[in-house]
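Chemist: Chains as they are written, first to last, in the working numbering: chain A, 518 to 633; chain B, 343 to 456.
One or more of the hints may lead you astray.
[Stated by the list, open to error] Heads up, simulated DSSO-like pairs for lysine-lysine below, C-alpha to C-alpha not over 30 Å straight-line:
#, chain 1, residue 1, chain 2, residue 2
1, B, Lys444, A, Lys625
2, A, Lys573, B, Lys444
3, B, Lys399, B, Lys444
4, B, Lys444, B, Lys413
5, A, Lys625, B, Lys413
6, A, Lys569, A, Lys585
7, B, Lys356, A, Lys569
8, A, Lys577, B, Lys444
9, B, Lys356, B, Lys399
10, A, Lys625, A, Lys573
11, A, Lys625, B, Lys356
Honestly, the hints are just simulated from the structure, not real lab data.
Take a look at the letters that make up each chain.
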Amino acid sequence: GNSVTQMEGPVTLSEEAFLTINCTYTATGYPSLFWYVQYPGEGLQLLLKATKADDKGSNKGFEATYRKETTSFHLEKGSVQVSDSAVYFCALSDLDSGGSNYKLTFGKGTLLTVNP
Amino acid sequence: DTGVSQDPRHKITKRGQNVTFRCDPISEHNRLYWYRQTLGQGPEFLTYFQNEAQLEKSRLLSDRFSAERPKGSFSTLEIQRTEQGDSAMYLCASSLGTASVKLFFGSGTQLSVL
Chain A
518 GNSVTQMEGP VTLSEEAFLT INCTYTATGY PSLFWYVQYP GEGLQLLLKA
568 TKADDKGSNK GFEATYRKET TSFHLEKGSV QVSDSAVYFC ALSDLDSGGS
618 NYKLTFGKGT LLTVNP
Chain B
343 DTGVSQDPRH KITKRGQNVT FRCDPISEHN RLYWYRQTLG QGPEFLTYFQ
393 NEAQLEKSRL LSDRFSAERP KGSFSTLEIQ RTEQGDSAMY LCASSLGTAS
443 VKLFFGSGTQ LSVL
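Pulled out of the complex, with its shape left as it was, chain B reads as follows (with noise of 0.2 Å):
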């Protein structure tokens, strides 16, 4: 068991750039969750997978965001024309099977839109 990694850990970019991040979960995982999280608050829900299908996605989640898991493993995160806004953690999560939402989290990906 090798946690949840995701890369890279930190990202600068200009505003309207596009930017992707990766996350692989846990190997066995099946469930797969991206969130994000702004300094003072609590991590809010984006999006989820199971196996490599996209079953929800929150309004947060703009048009400019996408998300995609092939083959049921890793996942990427794709923002296009960053915005200001955009600045905060994004943090993946998985977990096992669907009776247990216990989620194991990665480290984050900072990403800071100048």
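Next comes chain A alone, as it looks inside the complex (with noise of 0.2 Å):
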């Protein structure tokens, strides 16, 4: 079945440094690529996502592009605030029978510590 696999947590960095979180994927087919993210309290948000490959998906300064050849879409940003504190999850579409997305299958979660 299908999967993703992210980079183990937690990260800690300080203000203003270089963001990395990896996430690769196993599938079949031609799925989306997400992340979504969740505040200390807060339920899960959309951070940004790619539909095919080659797309990268941007908001908020963080940017991920859907790699087919390497199977991966890696969470980027060059300079992190304390605000970006949080958890990060990387996810794939499932696709049905018919060829069109309808679940969501999530990676573990990566815990980002911003320190001042």
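Hints given; two lone chains; assemble the complex.
Modeler: Structure (structure tokens):
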């Protein structure tokens, strides 16, 4: 079945440092890829997505590029802030028998702590 | 858009008791999902509905679990004869349409089984 593997956390950075959180996936077909973020005490929310190979998703300074050849979707940010402290989840969309996206499979999550 | 709401936020119960959780999706969303999340893990898919039809159930959903979505609006998740292993955060999410899986999540119901 489909699966997502994220780098183990926790990740601790100083403010303004460069962030990379690695994500690789195993899937049949051509799923869409997502990063979700969970801030302390809040529900998961979509951070960015990419729907096909070589697409780049971006939001709030975060970026990730759908790399089909390496089955990866690494999350990057050039300069993190204290407010970016959260748990980040990589996810892919499973496809139903008709080839349509219908549910998400998540990685285990990576806790990011940014210190001032 | 009031978001996805879940009730209760927290539930403490004794082993063997039945519990029921409620989820109210975003009003125009036709798809509704239930996920379970344990500490240090990502959300795990349990089941989903398209309108009132339950289209898939994970093997994680034992026969003690049942979910309904009458009239394609709110949904309930019931766990019968709870076990300590059922302790987890139960998340509800909804989405619009069939082409997109942009899920909007609720804040979850934290279940503790003593």
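Chemist: So, for every hint listed, does it hold in this structure?
Modeler: Now the hints, each set against the structure:
1. Lys444/B <-> Lys625/A: At roughly 19 Å apart (the allowed maximum being 30 Å), Lys625/A and Lys444/B satisfy the hint.
2. Lys573/A <-> Lys444/B: It holds: about 16 Å lies between the C-alpha atoms, which stays within 30 Å.
3. Lys399/B <-> Lys444/B: This hinted pair holds, its Cα atoms lying about 20 Å apart.
4. Lys444/B <-> Lys413/B: Holds, at roughly 22 Å.
5. Lys625/A <-> Lys413/B: 34 Å, violated
6. Lys569/A <-> Lys585/A: 8 Å, holds
7. Lys356/B <-> Lys569/A: 47 Å, violated
8. Lys577/A <-> Lys444/B: With a Cα-Cα distance of about 17 Å, the restraint between Lys577/A and Lys444/B holds, given a limit of 30 Å.
9. Lys356/B <-> Lys399/B: 26 Å, holds
10. Lys625/A <-> Lys573/A: 22 Å, holds
11. Lys625/A <-> Lys356/B: OK: Lys625/A and Lys356/B at ~28 Å, within 30 Å.
In the structure shown, a violation is registered for the earlier hints numbered 5, 7, in ascending order.
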